[in-house]
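Visitor: This is what each chain is made of:
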Amino acid sequence: MGAAEDCGVKWGLAVLAFTAYAAWQLGLPLRGLGPGVVKLFGIAGQMLPPESGGQLGVFVYSLVETVAMALAATVMAGIAAFPLGLLGAGRVVPSLFARWPLRRGMDVARSIDSLLWALLFVNAVGLGPFAGVMALTMIDLGTLAKLLSETVDHASIGPVEGLEAAGANRWESVRFGILPQVLPAYTSQVLYYFESNIRHATILGIVGAGGIGTYLSDRLRVNDWREVATLVLLILLTVTVVDRCSRWARLRLERGV
Amino acid sequence: MWRTRSCGAYSLLEITGLRKSYGGTTALDGLSVSFAAGQMVGIVGRSGAGKSTLLRCVNRLIEPDSGGIVYGGRDILALRGSALHDWRAECGMIFQQFHLVDRLDAVTNVMLGAVRRRRTLPLLFKIFPEADRRRAMELLERLDLAAQSGQMVRTLSGGQQQRVAIARALMQGVKILLADEPVASLDPENARVVMEALRGLQREDGVTVLCNLHQLELARTYCDRVIGLAKGKVIFDGRPAEMTERIYTAAV
Numbered sequence: 001m002g003a004a005e006d007c008g009v010k011w012g013l014a015v016l017a018f019t020a021y022a023a024w025q026l027g028l029p030l031r032g033l034g035p036g037v038v039k040l041f042g043i044a045g046q047m048l049p050p051e052s053g054g055q056l057g058v059f060v061y062s063l064v065e066t067v068a069m070a071l072a073a074t075v076m077a078g079i080a081a082f083p084l085g086l087l088g089a090g091r092v093v094p095s096l097f098a099r100w101p102l103r104r105g106m107d108v109a110r111s112i113d114s115l116l117w118a119l120l121f122v123n124a125v126g127l128g129p130f131a132g133v134m135a136l137t138m139i140d141l142g143t144l145a146k147l148l149s150e151t152v153d154h155a156s157i158g159p160v161e162g163l164e165a166a167g168a169n170r171w172e173s174v175r176f177g178i179l180p181q182v183l184p185a186y187t188s189q190v191l192y193y194f195e196s197n198i199r200h201a202t203i204l205g206i207v208g209a210g211g212i213g214t215y216l217s218d219r220l221r222v223n224d225w226r227e228v229a230t231l232v233l234l235i236l237l238t239v240t241v242v243d244r245c246s247r248w249a250r251l252r253l254e255r256g257v
Numbered sequence: 258m259w260r261t262r263s264c265g266a267y268s269l270l271e272i273t274g275l276r277k278s279y280g281g282t283t284a285l286d287g288l289s290v291s292f293a294a295g296q297m298v299g300i301v302g303r304s305g306a307g308k309s310t311l312l313r314c315v316n317r318l319i320e321p322d323s324g325g326i327v328y329g330g331r332d333i334l335a336l337r338g339s340a341l342h343d344w345r346a347e348c349g350m351i352f353q354q355f356h357l358v359d360r361l362d363a364v365t366n367v368m369l370g371a372v373r374r375r376r377t378l379p380l381l382f383k384i385f386p387e388a389d390r391r392r393a394m395e396l397l398e399r400l401d402l403a404a405q406s407g408q409m410v411r412t413l414s415g416g417q418q419q420r421v422a423i424a425r426a427l428m429q430g431v432k433i434l435l436a437d438e439p440v441a442s443l444d445p446e447n448a449r450v451v452m453e454a455l456r457g458l459q460r461e462d463g464v465t466v467l468c469n470l471h472q473l474e475l476a477r478t479y480c481d482r483v484i485g486l487a488k489g490k491v492i493f494d495g496r497p498a499e500m501t502e503r504i505y506t507a508a509v
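Order-wise, the sequence lines are chains A and B. Numbering-wise, the working numbering puts 132 at position 132 of the first sequence, and it's gapless, one number per residue. Here the working numbering = 1-based position in the second sequence + 257.
One chain only, chain A, in its complex shape (with noise of 0.2 Å):
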């Protein structure tokens, strides 16, 4: 008892002197926080009130535009994660010789920043949302392939066993021993993914690749704060909405209704 509360009490101040040696060396300008946290409070003053400039058309469909990214990359990561995932399963491809490229290629392709692989798909095929819609894509087919692979490995065992003493192949015990298990989680995460995209989205146009994000960037290297207050509200707005009628459908994926 007392040997273990010594050792968190160790490890407490070896974090917390790490911590400040840290801080030190990064040359952390704490004196700086207090002007910086009123300056703060004068950029939310000077975004009152918030403006479109006449360009609330134009914002509306960049927010349409972010909201189509976020709907194509997830719908076409959803689909092609589908089999992949399936591929990345030990339940259904035993050899881990096999498996191994695959479940590193999904490793690789979540690991990679969406703002990175934007930048990289912005110098592949140019300025715009297909470019954001990639670089989405890219992101979820790493991370939903991954989830389904290890929801197969975690699915109950026993409607595949008894598919297989009925006389059920391989695909035939897949389909029926397995599909229905995982099906509703894999549906309810790509819908979590539709609702993450959306947040991703709305910032990939700061290296151009596409939606409001492209505004807002702009407007923010201006300083122009009540038109950056008014891309923010919609963007608010936006999130909120499709938050709640994705969680409305997952919650009722859930109940399987």
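Don't take each hint at face value.
[Unchecked claim] Only part of the chain B face toward chain A is listed, based on derived beta-carbon distances under 7 Å:
1) Asn316
2) Arg345
3) Gln354
4) Leu381
Honestly, the hints are just simulated from the structure, not real lab data. All residues carry an ideal CB built from backbone N, CA and C; glycine is no exception.
Keeping the supplied structure of chain A fixed, place chain B upon it in accordance with the hints.
Guide: Same frame as chain A, but now just chain B:
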């Protein structure tokens, strides 16, 4: 087709010198036993006696390390690919935890019993022949489950699920049924209903039933023959009346 040696006129399934061990533990230790056609045989013994491994070796869900399994002159251990799937369809299996497709309705689960006789592609899209649906309904009716045919299996009680599993086995057109602790997770009344259903399969359809049981009492009531297993070997083989509680506790 090979002829079995010395299989006797009535022997349908002949198991010789079956061995299986998992890591260091021996589940089957050179077990030999033969089964006549059309009987209901209870296999009793403690957990770990090898009952479950024995049944799973028969339909090849588990590969034995060595030994022989011959059914009606066919070398079961030599079966590969589609011949193996055919054999599994011919010998049904039901499980303690039912092992049905929880998220499908009862009638679809039963229809899946015909999986081996139907083409894979339409099946993957849940397209079943109308004849299969009618047959599945008949079977559910026979097992007193007509009212539950459209219900998701996971909403059914344990006893009902086990009867759906029996209906699926009947849909397979089984000649022999392996029942691995079929009533171990059921209350006494449901256990009785399920055991009666298995008895019905044997009496009315001539199916040979091999049934793993924990309770000697059930074996006495429903089986023609009782086999006692301990440590992967047969330690008792005879009529239920001969297997007294004393022998059971002493040997098993």
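Visitor: If a hint holds in the structure, say so; if it doesn't, say that too.
Guide: Results of checking the hints against the structure:
1. At about 6 Å, the closest approach between the beta carbon of B/Asn316 and any beta carbon in chain A falls short of 7 Å, and the interface hint on this residue holds.
2. Below 7 Å, beta-carbon pairs count as interface contacts, and B/Arg345 has one with chain A at about 4 Å; its hint therefore holds.
3. About 6 Å separates the beta-carbon of B/Gln354 from the nearest beta-carbon of chain A, less than 7 Å, and the hint is met.
4. Interface hint at B/Leu381: satisfied, since its Cβ lies 5 Å from the closest Cβ of chain A, which is below the 7 Å cut-off.
Checked against the numbered hints given earlier, this structure breaks none of them.
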